[in-house]
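Student: Residue-level listing of the chains:
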Amino acid sequence: MEYEPVIGLEIHVELSTRSKMFCGCRVKFGGVPNTRTCPVCLAHPGALPVMNRQAITNLARIALSLDCEIPERSIFHRKNYFYPDLPKGYQISQYDQPFAVDGSLEIALEDETARIGIERVHMEEDTAKNIHAGDSGRIAGSLYSMIDFNRSGTPLVEIVTRPHIHSPRMARAFLNRLKNTLLYLDVSDCNMEEGSLRCDANVSLRPVGTDELGVKTELKNMNSFKHLEKGLAQEIERQRELLEDGERVVQQTVHYDVASGEISPLRSKEEAHDYRYFPEPDLVPLVASQQFVEEVRRGMPELPEAREQRYVSEFGLPLYDAQVLTASREVADYFEEALGLFDDAKLVSNWVMGELLAFLNTAGQELSACRVSPAGLAELLHRVRDGDISANTGKEVFAEMCESGASAAEIIAARGLTQISDESELEAVIGQVIEDNPDQVEQYRGGKVKVIGFFVGQVMKQTGGRANPKVVNELLRRRLSE
Amino acid sequence: MVDHEDVRYVARLARLRLEPHELDRYAEQLSSILKHINKISELDLEGTEPMSHVLDLTNVLREDEVHDSLDSEEALANGPDVEDGAFRVPPIIGE
Chain R
1 MEYEPVIGLE
11 IHVELSTRSK
21 MFCGCRVKFG
31 GVPNTRTCPV
41 CLAHPGALPV
51 MNRQAITNLA
61 RIALSLDCEI
71 PERSIFHRKN
81 YFYPDLPKGY
91 QISQYDQPFA
101 VDGSLEIALE
111 DETARIGIER
121 VHMEEDTAKN
131 IHAGDSGRIA
141 GSLYSMIDFN
151 RSGTPLVEIV
161 TRPHIHSPRM
171 ARAFLNRLKN
181 TLLYLDVSDC
191 NMEEGSLRCD
201 ANVSLRPVGT
211 DELGVKTELK
221 NMNSFKHLEK
231 GLAQEIERQR
241 ELLEDGERVV
251 QQTVHYDVAS
261 GEISPLRSKE
271 EAHDYRYFPE
281 PDLVPLVASQ
291 QFVEEVRRGM
301 PELPEAREQR
311 YVSEFGLPLY
321 DAQVLTASRE
331 VADYFEEALG
341 LFDDAKLVSN
351 WVMGELLAFL
361 NTAGQELSAC
371 RVSPAGLAEL
381 LHRVRDGDIS
391 ANTGKEVFAE
401 MCESGASAAE
411 IIAARGLTQI
421 SDESELEAVI
431 GQVIEDNPDQ
441 VEQYRGGKVK
451 VIGFFVGQVM
461 KQTGGRANPK
471 VVNELLRRRL
481 SE
Chain W
1001 MVDHEDVRYV
1011 ARLARLRLEP
1021 HELDRYAEQL
1031 SSILKHINKI
1041 SELDLEGTEP
1051 MSHVLDLTNV
1061 LREDEVHDSL
1071 DSEEALANGP
1081 DVEDGAFRVP
1091 PIIGE
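Sequence order for the protein chains is R and W.
The opening position of the first sequence corresponds to residue 1 in our numbering, with each subsequent residue numbered one higher.
The opening position of the second sequence corresponds to residue 1001 in our numbering, with each subsequent residue numbered one higher.
To be clear, the hints were calculated from the coordinates, so they are not data collected in a lab.
C-beta atoms are modelled at their ideal positions from N, C-alpha and C, and glycine is treated no differently.
Any given hint could turn out to be false.
[Said to hold, decoys possible] Far from chain R by the CB rule (all over 12 angstroms, computed), these chain W residues: (1) H1004; (2) Y1026; (3) S1031; (4) D1068; (5) D1081; (6) P1090.
[To be verified] Simulated pairs of lysine to aspartate or glutamate, EDC-like, Cα-Cα distance not exceeding 20 angstroms: (7) R:K88 <-> W:D1056; (8) R:K88 <-> W:E1074; (9) R:K129 <-> W:E1019.
[Said to hold, decoys possible] Here's a subset of chain W near chain R, in silico, CB distances under 10 angstroms, partners left out: (10) L1018; (11) P1020; (12) D1064; (13) V1082; (14) F1087; (15) V1089.
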């Protein structure tokens, strides 16, 4: 029988607000353990939470970017369970009246697009961080754990998709699009290694052509795009083998081990979760007035989809360029800043895609760490367009700018790279080259005009590649036809 | 009616250790609480919005401003077991 995977994702996003969700402790990754805590995020008796306005604004931005409906009123619940990283014995979260529902996000696959439904977007708080002592560093078999409450109370947004995803590749494409959207919104740094963006997946199989959902398993913490894709593929394969052998899939939480590539069940708690949700009496309801929603909507930045379209219609770029440039907000911002100083969109695009991104890729560098500013690139492009240096020399200069951080002008001057366009200077070189190669001159005059390439090459060699090829070509033609 | 099994279940969820002789007492008390609360279902609440909070307030928010945190010594002062600036707890899942 043919089986079809059915996947739903649950994504947690830490918001990059200045302070925590319910108290004024600073939000930051890492640092000395337990140095950003207070009675609220340590759950001292009597401490009361107060919501962070900016976190709610960011939440609304996310909801709007995912085309969600925002009900006028949402409330907070206590989700009760015991775990050492949860000091209160409950997590403040949202339950049956979440902030936003019923949205969608469009993703582009190689030859089609798909719209993935969003079931809900809600606000909660992050837990503390456990450090498991023991050989494996994993929870199983650890000797004891250490708790760092710095993360406790960081604003956390949960995004739940509908089971509209049907392959690991689609899951990856979705997460990628979501991450880019969140980066555009400037609500989170989405750093997956640091846990600012975390992804769980529910996955089941069903016979192709049927509608009923099979028994699902939950794949926890797929903390990179690669792990998400590989872990899902592995779990789908495991379920497929079970079903093909006539066995049943057991509903459980499973762990994908990155090193071994194996799926193993996470030891689950003895009983099924019973969170005993009830309305959080310490927080009053949240009303998202129409006015508030409109205000947030007006303050929304342009999202990747719209930007991509604009690059095609306004700048006349090919769709491919538009897609590459807008895939990351940082790159798109860089491109536009450079374009503001050099008004040839296609040329800027070529250099950003070809030289800049290639360099970052090879160097394994982030754009934010790149030593060439948009203004630096624009300056270099002016020098190329003005004929001071050739495009090829420009590429060399660019590479050196990336390495040393020097400006185009400095490098061109220091290395004497200025292109020679001066005819009298070039005449001398050309005269010499013609004199030295009588055979080729004869060939050219005998009709074999392609030999001109040989002469251009010789002139370039004599001038260290600095001769302006256009001028050289002209002069050569003139001289050889004499 | 709340029976012994219910009492054991909620006690487990609340991490309470109950002695066998306490089961009767709690079953009786919890039953009487539920009975009392159940009176609400005798009322005609058609058209009444569920109340999620006793105060008639909404949107109590604070600005996103950073305040001083406790220093780590103070934060850890009530921890029964502390190591390297962190609270130390027994293995989370283990035998």
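Student: All the hints need checking, so say for each whether the structure fits it.
Tutor: Checked hints:
Every C-beta of chain R lies more than 12 angstroms from that of H1004 (chain W), the closest at about 17 angstroms, which supports listing it as non-interface. Every CB of chain R is more than 12 angstroms from the CB of Y1026 (chain W) (nearest about 17 angstroms), matching its label as outside the interface. Listed as a non-interface residue, S1031 (chain W) keeps its Cβ farther than 12 angstroms from every Cβ of chain R; the least gap is roughly 18 angstroms. A cut-off of 12 angstroms between C-beta atoms contradicts the statement that D1068 (chain W) is not in contact with chain R; the least separation is 8 angstroms.
Once the 12 angstroms rule is applied to beta carbons, D1081 (chain W) is inconsistent with being away from chain R; the minimum gap is 9 angstroms. Taking the minimum C-beta to C-beta distance to chain R, about 6 angstroms, the non-interface status of P1090 (chain W) is violated against the 12 angstroms cut. For the proposed pair K88 (chain R) and D1056 (chain W), the alpha carbon gap of about 25 angstroms is over 20 angstroms, so the pair is violated. Distance restraint check for K88 (chain R) and E1074 (chain W): the Cα-Cα separation of roughly 18 angstroms lies within the 20 angstroms cut-off, and the hinted pair is therefore satisfied.
Note on K129 (chain R) and E1019 (chain W): the hinted pairing is violated, with a Cα-Cα distance of about 35 angstroms set against a maximum of 20 angstroms. Nearest Cβ of chain R to the Cβ of L1018 (chain W): about 16 angstroms, over the 10 angstroms cut. The hint is violated. For P1020 (chain W), the interface hint is violated, the least distance from its beta-carbon to any beta-carbon of chain R being 20 angstroms, above 10 angstroms. For D1064 (chain W), the interface hint holds, since its Cβ comes within 10 angstroms of a Cβ in chain R; the closest pair sits about 4 angstroms apart.
The beta carbon of V1082 (chain W) is positioned within 10 angstroms of a beta carbon in chain R (closest approach about 9 angstroms), and the interface hint is therefore held. The beta carbon of F1087 (chain W) comes within 4 angstroms of a beta carbon in chain R, closer than 10 angstroms, and the hint placing it at the interface holds. Annotation: V1089 (chain W) was flagged as interfacial toward chain R, and the flag holds, the nearest CB pair being 4 angstroms apart, inside 10 angstroms.
Consistency with the previously given hints fails for numbers 4, 5, 6, 7, 9, 10, 11, ordered from lowest to highest.
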